[in-house]
Amino acid sequence: MAFSQNNQFTSVDFRYFRDTALTGATSRSNVFGASGKLYSIFVNNTAGTPATGYLKLYDTNLAVTEGTTVPSFIFKISSGVIENFTFPDGLTFSSGLGYTISDSPGTNAGATINAIGNLILTFK
Amino acid sequence: MAAAITQLVDALGGFVLSDTAVTNTVVANATVGGAGATTNIFHIEFDNTANAAVTYLKIYENVNPTMGGTAATDEPSFVLAAAASTKEYVSVPSAIAHSTGFSYIATTTQAEAGSPSAPASACSLAMIYTKA
Numbered sequence: 001m002a003f004s005q006n007n008q009f010t011s012v013d014f015r016y017f018r019d020t021a022l023t024g025a026t027s028r029s030n031v032f033g034a035s036g037k038l039y040s041i042f043v044n045n046t047a048g049t050p051a052t053g054y055l056k057l058y059d060t061n062l063a064v065t066e067g068t069t070v071p072s073f074i075f076k077i078s079s080g081v082i083e084n085f086t087f088p089d090g091l092t093f094s095s096g097l098g099y100t101i102s103d104s105p106g107t108n109a110g111a112t113i114n115a116i117g118n119l120i121l122t123f124k
Numbered sequence: 001m002a003a004a005i006t007q008l009v010d011a012l013g014g015f016v017l018s019d020t021a022v023t024n025t026v027v028a029n030a031t032v033g034g035a036g037a038t039t040n041i042f043h044i045e046f047d048n049t050a051n052a053a054v055t056y057l058k059i060y061e062n063v064n065p066t067m068g069g070t071a072a073t074d075e076p077s078f079v080l081a082a083a084a085s086t087k088e089y090v091s092v093p094s095a096i097a098h099s100t101g102f103s104y105i106a107t108t109t110q111a112e113a114g115s116p117s118a119p120a121s122a123c124s125l126a127m128i129y130t131k132a
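These protein sequence lines are chains A and B, in that order.
If you read the first sequence in my numbering, its first letter stands for residue 1, the second for the next number, and so on.
If you read the second sequence in my numbering, its first letter stands for residue 1, the second for the next number, and so on.
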């Protein structure tokens with residue numbers, strides 16, 4: 001048989017979200033506008049003068065208030081690294097997905113950090 | 001059972017942690033890595049299939065955190081919500097770095113609290129990490 005290839009999937013139903021200016025100054029609320037599962041996080045924290053941050057994800061479709069809304073997930077992002085988190089079975093967001101970042105772990109609002117270069121979420 | 005540690009071959013230089021009874025009692029770093037050891041976590045499997053409620057795995061960059069404490073190091077540096085009756089996997093090729101070792105609990109209490117609630121049934125945790 002002959003081989004063939006296709007440059008693009010024809011029925012992709014994953015959704016991608018890219019954020020190139022995340023400092024934590026403004027929380028992102030319900031960015032996909034739907035419930036679903038998160039399959040990967042890509043973070044490039046090497047741009048500019050990077051600082052360690054804590055990426056906080058919220059399972060809610062409501063407005064996120066950092067320091068008050070309790071995160072469902074927290075991921076430490078060390079300074080000067082490119083991090084890939086993969087979740088083969090997906091992390092469940094039963095209401096919606098909001099997020100922010102700060103220099104403080106836990107629910108605390110903490111302080112902003114220098115903008116990370118890229119945050120890419122894969123969601124379905 | 002308490003946390004059991006298996007050392008991988010030297011070429012990998014890592015450890016496998018297996019804990020089949022993770023609940024709301026802190027498993028301190030002295031058990032999982034040696035006090036103060038720098039650790040890099042590459043893979044986490046958290047099994048909440050025995051429970052009908054969401055359970056949170058919380059990891060602390062602290063050798064013995066105080067639940068509900070006010071210090072930043074008493075706050076979890078990693079939180080993973082496992083939905084009811086699910087097993088969650090996290091793979092991190094670049095590792096989650098902890099400069100002072102780590103401790104962990106499993107709880108149904110989402111917020112940081114002085115007395116986090118225990119899941120109805122204990123959860124299981126497997127982890128691959130290095131320490132230095």
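Simulated from the structure, these hints should not be mistaken for lab results.
A virtual CB, placed ideally from N, CA and C, is assigned to each residue, including glycine.
Please note that a few of the clues may not be correct.
Subject to a maximum C-alpha distance of 35 Å in a straight line, what follows is the list of computed DSBU-like cross-link-like pairs (lysine-lysine) [as the list claims (entries may be wrong)]: (1) B:131 - B:87; (2) A:76 - B:131; (3) A:37 - A:76; (4) A:37 - B:131; (5) B:87 - A:76; (6) A:124 - A:76; (7) B:87 - A:124; (8) A:124 - A:37; (9) B:87 - A:37.
Beyond 12 Å from chain B on every Cβ pair, some chain A residues (computed) [as the list claims (entries may be wrong)]: (10) 31; (11) 49; (12) 63; (13) 78; (14) 90; (15) 92; (16) 93; (17) 105; (18) 106; (19) 120; (20) 124.
Right, here's what the structure says about each hint:
1. B:131 - B:87: Holds, at roughly 25 Å.
2. A:76 - B:131: holds (17 Å)
3. A:37 - A:76: Satisfied, since the Cα-Cα distance of roughly 20 Å is no more than 35 Å.
4. A:37 - B:131: At roughly 32 Å apart (the allowed maximum being 35 Å), residue 131 (chain B) and residue 37 (chain A) satisfy the hint.
5. B:87 - A:76: Holds: residue 87 (chain B) and residue 76 (chain A) sit about 21 Å apart, inside 35 Å.
6. A:124 - A:76: Roughly 23 Å between the alpha carbons, so the hint for residue 124 (chain A) and residue 76 (chain A) holds.
7. B:87 - A:124: holds (18 Å)
8. A:124 - A:37: holds (5 Å)
9. B:87 - A:37: holds (14 Å)
10. 31: Answer for residue 31 (chain A): holds, closest chain B Cβ roughly 18 Å.
11. 49: Non-interface label on residue 49 (chain A) holds, nearest chain B Cβ at 19 Å vs cutoff 12 Å.
12. 63: holds (18 Å)
13. 78: Contrary to the label, residue 78 (chain A) does not stay out of reach of chain B, its closest Cβ about 5 Å off (not over 12 Å).
14. 90: It is violated; residue 90 (chain A) is separated from chain B by about 9 Å at its closest Cβ, not greater than 12 Å.
15. 92: violated (4 Å)
16. 93: Answer for residue 93 (chain A): violated, closest chain B Cβ roughly 9 Å.
17. 105: Not fine: 4 Å to the nearest Cβ puts residue 105 (chain A) too close to chain B.
18. 106: violated (3 Å)
19. 120: holds (15 Å)
20. 124: holds (15 Å)
The earlier numbered hints that this structure contradicts are 13, 14, 15, 16, 17 and 18.
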